[in-house]
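**Student:** Chains as they are written, first to last, in our numbering: chain F, 1 to 389; chain Y, 390 to 547; chain P, 548 to 882; chain B, 883 to 1045.
You may find that some hints are simply not true.
As the list claims (entries may be wrong) - Restraint-style ranges between C-beta atoms, simulated for each label pair: (1) Y:Gln398 x F:Ile32: 43 to 53 Å; (2) F:Lys27 x B:Lys1019: 10 to 20 Å; (3) Y:Thr542 x B:Lys991: 20 to 30 Å; (4) F:Pro294 x Y:Lys413: 50 to 60 Å; (5) B:Met911 x P:Leu614: 17 to 27 Å; (6) F:Pro14 x Y:Pro516: 15 to 25 Å; (7) P:Val874 x B:Met883: 25 to 35 Å; (8) B:Met883 x P:Phe870: 42 to 52 Å; (9) P:Gly699 x Y:Ile531: 47 to 57 Å.
Stated by the list, open to error - Residues from chain P that face chain B, not an exhaustive set, calculated with beta carbons under 8 Å: (10) Ile586; (11) Lys589; (12) Val590; (13) Leu592; (14) Arg593; (15) Val680; (16) Trp684; (17) Phe840; (18) Ala843.
No lab work stands behind these hints: they were computed from the structure. Note that the Cβ used here is the ideal one computed from N, Cα and C, for glycine as well.
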Amino acid sequence: MSLEERELEVLIGPQHPASGHMRLVAKIDGDIVVELRPNIGYVHRSVEKLAEVKKYLQIIPLVERPSLADTTANNLAYVMAVEKLLGIEPPPRAQYLRTLLAEINRIHSHFYGMGIHGVMIGSSTAYMWCFGDREPLIELAQELTGARLTYSYIVPGGVRRDLPQGFEDKVEKVMRYLENRMPDYFDLYFNNPVTRARLEGVGVLTKEDAIKLGVTGPNLRASGVPYDVRKAEPYAAYPELDFDVITEEAGDAFARVMVRVREIQESIKIIRQVLKKIPDGPILNEKYMKMIPPNLRKQVEETGHIKFPGVFANLRVPAGEAVARVEGGRGEVVFHIVSDGKMSPYRMRMVTPSFRNVILFEHLTKGARVADIPAIYGSLDYFPPEADR
Amino acid sequence: MKFEELKSQIEERMKDLGAEVSGKEPNVVDVKVPRERIVEAAKRLKEMGFDHVKAVTAIDYPNERFEIVYVSSSYSNLELAYFIVNLRTDLPYDDPKMPTLLEVWPSVLYQEHEEHDLMGIVFEGHPRMGERLLLPESYEGIPPLRKEFKVKTEGINA
Amino acid sequence: MQDLLSIIMEPYVFVPLIFPGITVAFLLLLVIIWLERKIAAKVQLRYGPLYVLKPLGGAIQMVADLLRYLFQEPIIPKTVDKLAFIMTPALLFGTAYLPTIAIPVSPTFYAFRSDLSLLIVLALSTLAPIFTVVMGWASNNKFSLIGGIREGYIVVSYEIPMFLSALSMAVLYGSLDLVEIAEAQKGIWGIFLNPVAAITMLVLMYMSTSKFPFEIPEAESEIVAGAYTEYSGILYGLVMGASYVKLYVLSLVFTILFLGGWNPIPGFMANDPLLPGVLLFIKAFIIIVIGAFLRAVYPRFRIDQAMDLGWKTMLPLSIISIFISLVEVMIMGGA
Amino acid sequence: MAVERTIRHIKALATGAKYMLGGHRLTLMYPDDIQEFPDGYRGMIEYDWDTCIKCGLCAMVCPADAMKMYVSKEESEEGKRPVRRPGINYTRCIFCGFCVDICPTNSLKFTKVHDVAFYTFEEQIYPPERFREGIPKPQYDKEPRRVRAVLDEKRGIRYEPVE
């Protein structure tokens, strides 16, 4: 054995309690990270290739699968791209319902991210609380859509279900519950001096770097860039709703968490507005509504559950190109679809927020301590399957 | 800013690069340049405020060409953030090489790497050419996103 | 039978074997891990272990776990240093438990009495971390190595202030004999005379036993399980138990130094070891439960922050506590 | 700063203690309690043999190739074009419910059962003849209590027994 000094290469993952489905190759010098390279692709399922052999409607569940905690964003962005190609607009009520589900999903996606972050810095309580309080929201979404996470709720031209009876009351109860719980979250976790010590000043991303690296979502806004697709290119019912874009200036791990917390509060505000303003009317575009056989149309009106017109099985989309973007819980989801007029897209490009944020692993961990790796990882709300697609 | 205004601004700036500028209402501008000029075109777009790339899409037209699309937009200028500029270029099918835009837009690091990995496009000057990103290290054969790579489907009958 | 009982009741057998020795330590281990999980579960809005003996809330969950550890195959990787790898868990557990022999149970019931029993306990309790470091080295695994090194760093940052704050009580009472120290607290407990020393010692105790927020050498999300990464089966059971046993020993010391030991006891009971022993145990148990509760409140510190706390906050505080003791001794006219 | 930190430490500990002593629990006591799902839950699928018009839309729309058109042995006559009816493969089904929503005669219906647990791989494939017999009833050692999730302002979520 020699006594030469050298860097230690640590392979964190893919079998590691906090690596997720990826490997972080870290070169460390003592306790300092010299270089860290994320090695992704362990859960690559080639959504883009599969989309070329699946029909347009069949792609909806496919694009949801990669990001399980944030399915609505992918669902909505994909359907918006298809709608742009089809040249149809959903009716106003469907727009509001899309917004409602998107915001419910945003809250529980943020809880998911915060919970994972909590356990990464050692607070099992933050993890359990976040995952526990995510449950009422999932229960709401389940009542609206019929599934816990993979909603497949948004279809070209509208949504699949109308509001169930008494849904407004239930939503209001959950919103009040979350508001009541927030102070305890602050006392026990966010304002806990140990949490502060672990997160403040860790993994600082400057505004210039955030813009340069093209990161997205809360990670971008925590560095002081007020970019939010909901404001930049308003979609669904957002143009008619009043809400703020949450930003923080510090750009560190704590600022990223705080953006999520404040966005939850903002989402509560949006959900209340949606339920107050939601207009009456159909939930599927008239063009498709007319294609439903008359006896079923009556049933749709009675039950509020859409029956698909037969054309949905082999939906043909006019040739052309469309780019759609949506602000999901983790950030901006971009779909770029090239259609050649057939039943499947000619090329579908799906860019998820995690894939755009993966660059931050290299950038933020340089010079950090070994113990900061999970603290930074968690603060990015990074989800490996979403990045791999 | 109006759509037409932006389009004519881009046309103005890109004139000497031989760019074809077209657009789709209400907010998408397409700029097509030859591959030798793409770095210059990207630089000019960046000067205008299009500071990041949202997606790099490579489209395969078998035995004809590859089309690369850089979907860019702005973070620093919120007025421009509404617009999307697609910077496009064609590559010959048998020589899918182009200079990397990493110098102009560092945000394409992983996006270009992925298109290299899955579509077999070579981005000259990109530091990770030849490395795998999503595919296993040992993968050999046709890049899976190319049309030659066939995915079997089952049909509806059992 | 009678003879056997009387032999067992002899202090020099009873103390190491029954209380505070191995039997109670072992039972405590089973209870405290269960309780720790229950407390954390309650704070976290769930139930915790429940299905092993459901009427008692899963109270014998740890027996089931112990059986699992016993019958699980201890895997010894090819690349490890075999002798060191196999021996360290036993040595670690043994050294963690060793200091109990010097801890008195009542004014008259102890294995042996020494004027230096406080020093003996403290000195013996320092031995254990060495084996953690050895484990980190013997496992031949990068995460284990980092864990071992972390343990080494942590040790140097808690030992000195912890000893100083313990010794400040010796200064206050003018003795290094645990019996005398406890007896001196018939009136006011040490914690009221020198709260600074008490807080310092309490925090550093949790630090030395890797309780949250100082669970740094085995931080799961960072280095898997630190020095224990490669251990499995009963070997892992031993290393996991060791830190609880160490906490138990230090809690007994803390009780004797600051919480009046077996005081207050009625005079006529003073010679019977039963009540003093129970009192001592209950107080120590509360200290352990607080340590278990911290897990539900805190995330973990980074190593540099914990060392910062040890050197920059706790060391000055422990020196201050010695001064407090000195001042009080001067005011009260010396012991 | 130090004072503020101390206050925050105390607040954190007090909040922890508050939940340790009081506080609610969010656990669903599975498998002693089993949750009844709300109406419209997308569970396993029921098939109505008589109303089915064998149009094949369900198989066409299925995103996971779970729903397929099987040759119906009892109806197909030799020499003629075989009659095909839908069957489902639960190893693949992702419970999106597209087949139910597209069925023009309401021959496919949702049930609230979601227990896709089988002993063998083959058992999970439901050709039309088996498909019509309905879904298997989940079996329990001890009949579990049926509970329903009730959203609550104070406790978030409560599980109340249903009769």
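**Student:** A separate judgement is required for each hint: does it hold in the structure or not?
**Tutor:** Cross-check of the supplied hints:
At about 47 Å, the CB distance of Gln398 of chain Y to Ile32 of chain F agrees with the hint of 43 to 53 Å. For Lys27 of chain F paired with Lys1019 of chain B, a C-beta distance near 57 Å fails the hint of 10 to 20 Å. Between Thr542 of chain Y and Lys991 of chain B, the C-beta spacing of about 28 Å keeps the proposed range 20 to 30 Å intact. As the Cβ distance of Pro294 of chain F to Lys413 of chain Y is approximately 37 Å, the hint placing it in 50 to 60 Å is violated.
Our hint of 17 to 27 Å for Met911 of chain B and Leu614 of chain P holds, since their Cβ atoms are close to 25 Å apart. The hinted range of 15 to 25 Å is satisfied by Pro14 of chain F and Pro516 of chain Y, whose Cβ atoms lie roughly 24 Å apart. Between Val874 of chain P and Met883 of chain B the Cβ separation comes to about 27 Å, which falls inside the hinted range of 25 to 35 Å. Separated by about 24 Å at the C-beta atoms, Met883 of chain B and Phe870 of chain P break the suggested range of 42 to 52 Å.
Remark: the range hint 47 to 57 Å for Gly699 of chain P to Ile531 of chain Y is upheld by a beta-carbon distance near 54 Å. Checking Ile586 of chain P against chain B by beta carbon gives a least distance of about 6 Å; that is within 8 Å, so the hint holds. The restraint placing Lys589 of chain P at the interface with chain B holds, with a minimum CB-CB distance near 5 Å, inside the 8 Å limit. The closest approach between the C-beta of Val590 of chain P and any C-beta of chain B is roughly 4 Å, which is under the 8 Å cut-off, so the hint is satisfied.
Annotation: interface hint on Leu592 of chain P holds; nearest CB of chain B at approximately 5 Å, less than 8 Å. The restraint placing Arg593 of chain P at the interface with chain B holds, with a minimum CB-CB distance near 5 Å, inside the 8 Å limit. For Val680 of chain P, the interface hint is violated, since its Cβ never comes within 8 Å of a Cβ in chain B; the closest pair sits about 30 Å apart. The closest approach between the C-beta of Trp684 of chain P and any C-beta of chain B is roughly 36 Å, which is over the 8 Å cut-off, so the hint fails.
Of the supplied interface hints, the one on Phe840 of chain P holds, with its beta-carbon coming within about 7 Å of a beta-carbon of chain B, less than 8 Å. Nearest Cβ of chain B to the Cβ of Ala843 of chain P: about 5 Å, under the 8 Å cut. The hint holds.
In this structure, the earlier hints numbered 2, 4, 8, 15, 16 are contradicted, and the remaining ones agree with it.
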